[in-house]
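Guided by the hints, dock chain W onto chain D, whose structure is given.
Number of protein chains: 2
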Amino acid sequence: MLGTMMDRPLLVSSLLQHAERVHGDRVNLSCEAGEVRRAFTYRELGSDARRLAAALSELGVQHGTRVGSLAWNSDRHLAAYFGVPGIGAVLHTINQRMPAEHIAYAVNQAEDRVLLVDADLLPVARQIVPATPSVQHVVVLGDGEADIPGVRSWSFDDLIAEAAELATFPELDERTAASICFTSGTTGLPKGVVYTHRSTVLHALAISLSGGVAISPERSYLVACQMSHVNSWGVPHAATMQGARLVLPGPHPSPLDYLKIITRHRPDMLIGAPAVMGLIRHEYLARRGEFDLSSIRTVWMGGQTPPPALVEWWAGHGANTVNGWGMTETHPMATFSQGHTDQGRPLPLVELRVVDEEGVELPWDGRSAGELEARSPWVTGSYLGQTGPSESFHDGWLRTGDVAVIEPDGTLRIKDRFKDLVKSGGEWISSVELENHLMEHPAITEAAVVAVPHEKWQERPVAWLVTATDVTDDELRDFVRSKFPSYWVPDAFVRVDAIPKTSVGKVDKATIRKQQTTSSLAPSAG
Amino acid sequence: MLGTMMDRPLLVSSLLQHAERVHGDRVNLSCEAGEVRRAFTYRELGSDARRLAAALSELGVQHGTRVGSLAWNSDRHLAAYFGVPGIGAVLHTINQRMPAEHIAYAVNQAEDRVLLVDADLLPVARQIVPATPSVQHVVVLGDGEADIPGVRSWSFDDLIAEAAELATFPELDERTAASICFTSGTTGLPKGVVYTHRSTVLHALAISLSGGVAISPERSYLVACQMSHVNSWGVPHAATMQGARLVLPGPHPSPLDYLKIITRHRPDMLIGAPAVMGLIRHEYLARRGEFDLSSIRTVWMGGQTPPPALVEWWAGHGANTVNGWGMTETHPMATFSQGHTDQGRPLPLVELRVVDEEGVELPWDGRSAGELEARSPWVTGSYLGQTGPSESFHDGWLRTGDVAVIEPDGTLRIKDRFKDLVKSGGEWISSVELENHLMEHPAITEAAVVAVPHEKWQERPVAWLVTATDVTDDELRDFVRSKFPSYWVPDAFVRVDAIPKTSVGKVDKATIRKQQTTSSLAPSAG
Numbered sequence: 000m001l002g003t004m005m006d007r008p009l010l011v012s013s014l015l016q017h018a019e020r021v022h023g024d025r026v027n028l029s030c031e032a033g034e035v036r037r038a039f040t041y042r043e044l045g046s047d048a049r050r051l052a053a054a055l056s057e058l059g060v061q062h063g064t065r066v067g068s069l070a071w072n073s074d075r076h077l078a079a080y081f082g083v084p085g086i087g088a089v090l091h092t093i094n095q096r097m098p099a100e101h102i103a104y105a106v107n108q109a110e111d112r113v114l115l116v117d118a119d120l121l122p123v124a125r126q127i128v129p130a131t132p133s134v135q136h137v138v139v140l141g142d143g144e145a146d147i148p149g150v151r152s153w154s155f156d157d158l159i160a161e162a163a164e165l166a167t168f169p170e171l172d173e174r175t176a177a178s179i180c181f182t183s184g185t186t187g188l189p190k191g192v193v194y195t196h197r198s199t200v201l202h203a204l205a206i207s208l209s210g211g212v213a214i215s216p217e218r219s220y221l222v223a224c225q226m227s228h229v230n231s232w233g234v235p236h237a238a239t240m241q242g243a244r245l246v247l248p249g250p251h252p253s254p255l256d257y258l259k260i261i262t263r264h265r266p267d268m269l270i271g272a273p274a275v276m277g278l279i280r281h282e283y284l285a286r287r288g289e290f291d292l293s294s295i296r297t298v299w300m301g302g303q304t305p306p307p308a309l310v311e312w313w314a315g316h317g318a319n320t321v322n323g324w325g326m327t328e329t330h331p332m333a334t335f336s337q338g339h340t341d342q343g344r345p346l347p348l349v350e351l352r353v354v355d356e357e358g359v360e361l362p363w364d365g366r367s368a369g370e371l372e373a374r375s376p377w378v379t380g381s382y383l384g385q386t387g388p389s390e391s392f393h394d395g396w397l398r399t400g401d402v403a404v405i406e407p408d409g410t411l412r413i414k415d416r417f418k419d420l421v422k423s424g425g426e427w428i429s430s431v432e433l434e435n436h437l438m439e440h441p442a443i444t445e446a447a448v449v450a451v452p453h454e455k456w457q458e459r460p461v462a463w464l465v466t467a468t469d470v471t472d473d474e475l476r477d478f479v480r481s482k483f484p485s486y487w488v489p490d491a492f493v494r495v496d497a498i499p500k501t502s503v504g505k506v507d508k509a510t511i512r513k514q515q516t517t518s519s520l521a522p523s524a525g
Numbered sequence: 000m001l002g003t004m005m006d007r008p009l010l011v012s013s014l015l016q017h018a019e020r021v022h023g024d025r026v027n028l029s030c031e032a033g034e035v036r037r038a039f040t041y042r043e044l045g046s047d048a049r050r051l052a053a054a055l056s057e058l059g060v061q062h063g064t065r066v067g068s069l070a071w072n073s074d075r076h077l078a079a080y081f082g083v084p085g086i087g088a089v090l091h092t093i094n095q096r097m098p099a100e101h102i103a104y105a106v107n108q109a110e111d112r113v114l115l116v117d118a119d120l121l122p123v124a125r126q127i128v129p130a131t132p133s134v135q136h137v138v139v140l141g142d143g144e145a146d147i148p149g150v151r152s153w154s155f156d157d158l159i160a161e162a163a164e165l166a167t168f169p170e171l172d173e174r175t176a177a178s179i180c181f182t183s184g185t186t187g188l189p190k191g192v193v194y195t196h197r198s199t200v201l202h203a204l205a206i207s208l209s210g211g212v213a214i215s216p217e218r219s220y221l222v223a224c225q226m227s228h229v230n231s232w233g234v235p236h237a238a239t240m241q242g243a244r245l246v247l248p249g250p251h252p253s254p255l256d257y258l259k260i261i262t263r264h265r266p267d268m269l270i271g272a273p274a275v276m277g278l279i280r281h282e283y284l285a286r287r288g289e290f291d292l293s294s295i296r297t298v299w300m301g302g303q304t305p306p307p308a309l310v311e312w313w314a315g316h317g318a319n320t321v322n323g324w325g326m327t328e329t330h331p332m333a334t335f336s337q338g339h340t341d342q343g344r345p346l347p348l349v350e351l352r353v354v355d356e357e358g359v360e361l362p363w364d365g366r367s368a369g370e371l372e373a374r375s376p377w378v379t380g381s382y383l384g385q386t387g388p389s390e391s392f393h394d395g396w397l398r399t400g401d402v403a404v405i406e407p408d409g410t411l412r413i414k415d416r417f418k419d420l421v422k423s424g425g426e427w428i429s430s431v432e433l434e435n436h437l438m439e440h441p442a443i444t445e446a447a448v449v450a451v452p453h454e455k456w457q458e459r460p461v462a463w464l465v466t467a468t469d470v471t472d473d474e475l476r477d478f479v480r481s482k483f484p485s486y487w488v489p490d491a492f493v494r495v496d497a498i499p500k501t502s503v504g505k506v507d508k509a510t511i512r513k514q515q516t517t518s519s520l521a522p523s524a525g
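Chains as they are written, first to last, in numbering that gives the first Met the number 0: chain D, 0 to 525; chain W, 0 to 525.
Hints are computed from structural coordinates only; laboratory data are not their basis.
The C-beta atom is built at its ideal place from N, Cα and C for all residues, glycine as well.
Wrong hints could be hidden among the right ones.
Claimed, not checked - Some chain W residues judged to face chain D by a derived CB distance under 8 Å, without partners named:
{"id": "1", "residue": "Arg174"}
{"id": "2", "residue": "Val193"}
{"id": "3", "residue": "Tyr194"}
{"id": "4", "residue": "Ser198"}
{"id": "5", "residue": "Arg286"}
{"id": "6", "residue": "Pro376"}
{"id": "7", "residue": "Ser381"}
The shape of chain D in the complex, shown without the other chains (with noise of 0.2 Å):
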């Protein structure tokens, strides 16, 4: 039978350039310090996508070849996340905050061959360059260039200012690789997350969905979640597509940063980690009167449960607390919830299941957990440079590593990871609650459980707490035991000033487990 429909290909080139004809006059903002460093038009933002484009071509840049970032929220960089992939090359966004042998390992499994560097980190590029030889050249994200042996030094101010507009981006096909993204490697090396043109588009139109997150047009986003993780959870592909007003905040944010540029420049939306979002209440709060929050209606917490305090402190200013679940792996957003004490249920063309310790598919009934296992067009099939099978994949899915139920309606609660339940004496112990349920306790502002070896039980769990006022062991086994059975009363009760985070904020459990287990503990669960 012939007739068909269109064979267009989902390109992320599509995005930019509808928002270019369509949005164009639309204005974003890129700060510095709190500042309005520039104001730029979705057709500012297409005239750098299309003149770096061009330059990077000039470069030797070609299909497939890999160009790192290691850059802040910026109007430079998001010009990085269109001109890049536009050319059929494929931005590797470079976690900063990763220790420095991890980005050099990344770098170097990703073969980049050109870096885009924000002045700040040149001495992060410094340090790794001598040790990836694929590099050839250094972008300096500004008007400067770099000194580094070895490769060639570029600013990009000047090269787009001397580049012309790319007039048209080249026709991929839509499986053509876009991005790259390691995951934070909590255990082990990271991992390559490779997303396509096809599952950025498809992603960016999830989002966008009314009545789920609905990044919509006319509004307006302040991206306190990293560019350099995750294409700060696709935000700027679909504000770019509905022509959304974007608010990068530059690099190194600081709480007081963000306090400037929501009083001044009014977002309606707050993206990224409950750890930033309490250090802006806590800056707030500290400058008492001097800011205003109004503006925000949404914030939108996400990589973990915001504790409950936080939620409660931001709808006392007016805000709603949303968040989802995701990961690298996931682009990062397969399920969206309206609220903050579940974690929503899937977006459209994601399919979830928890199954047993032998792979079967458990029921959604909201009480038999397994390992939560993922399925959809913008989840990842394979990691980069994966040669063989892996223990990441069963059947198709993908692994998540979480422990959840599912509720008749779809809502997915996750329960833990895997790997921090406690199993002691035959039975488990879900860390996650037990932080849940300490960090409703007046005196706790911050919880962390983990698992350390025991003798008699096999693990027990200890608690790390950041206290605000003081509580006696005594008062907080009797605070567990008024909700969970008495084995589940940690073994101790560690006073810390900080909870140890990893560099994308999460609570950094490898680490606590690490410290801990040095120290012996006595027998005592019963």
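Chain W in isolation, oriented as in the chain D frame:
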């Protein structure tokens, strides 16, 4: 470079499966004569679709088999929307208002093997079956059976009652044909447009984006546009994906039926042609005080520009009028406007351009008028049975036959159909602009302007008018001259009881021209 996203296809069945699992309890309504015949959840819809798929397989329906539907908006038709494409077969929705010879032509072109027929449309099926040798089975959408010589007859309700649910829909290539709709054929024979799974899913995503058409979860849609024409503008697919409530009016809905449904079931949005909205208004006024339209917040009018008076009337009842531009070939939504005075801006992934008579692209300046061309993953690339190049396409773009300008911000303004322009003495006269102006005259309720051949001027405009009160030709001439040059004044104002309409409710200019050109006109234009 290894590492990529999962290669999951975009399938119509994935929309249904999402609804079954995530919106399973959401209740839709299927009506008859203004009463609810059946309230059904998405889980029940899934069960029906899976049983229908199994039953059709038993009748020999396979991958690629065409299944025609001669049916109104109902739960059974909706089950076919998912059950037929779910197994790789193709649902050919037949516009029941087309003349029988066009229906037979379409069935023969599509080579339908099975016809799904609403009981009241069996006379049409009886009339065409002798001329459509491909048809082997007629399934009556109800609990009765047909008695048509030469084909086997079945009852839909019996078939699905006896069938076991298909557990898993097959994984198809997303470019597999999902449905066929024929153009309404105002000139010549209708042409078949073949929608794919990919285009259907992408269109569903596009019309669910926030800030646009925004088919939204939890909202309720009274679908007054026919499921037999361009998939009811994609609303059934998008509503299923989003978990919105569908309110389907059933066979031969009268204005009174709509009023009953709106008053009792309080849908948020009413979707259909301006003609239907006008009839509902008329019936409401005739039964003053009996019905309540207050639930309707939005009236989405498509197919043609809504008359300003109708828009104002609905606004007076609290309902905002929205509209967009599209055609059978564009699935249909290509643009959308939150208002009604223009056709809005392109949806993401839709490219538009206007070209001059040599095919050269014109600027988006709000002034340069040319033929509108469209390109998108949900625009047709070739017609059913098309074997060679077609005049409908130009360099990979669809030629729409519409004359338009595009504003610098992408706002589309359709000026006319090419064939409805009047070429008088070397100048173009827009019949649409004349009609819109005439309908602003208080005495005129409907107007249609056509070109008739003229010895001296080549063509001259003639206006057909439905009037509410008396008005002289002189008054009308003055009224036209108040806005347009005098050569725009129609040579004749013909009073009629009703303007002829096509099977989809559009003004039937072909018929008007035919009737008008049998009369002769004296040269009078200056």
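What hints, given by number in increasing order, does this structure fail?
-> Of the numbered hints given earlier, the structure breaks just one, which is hint 5.
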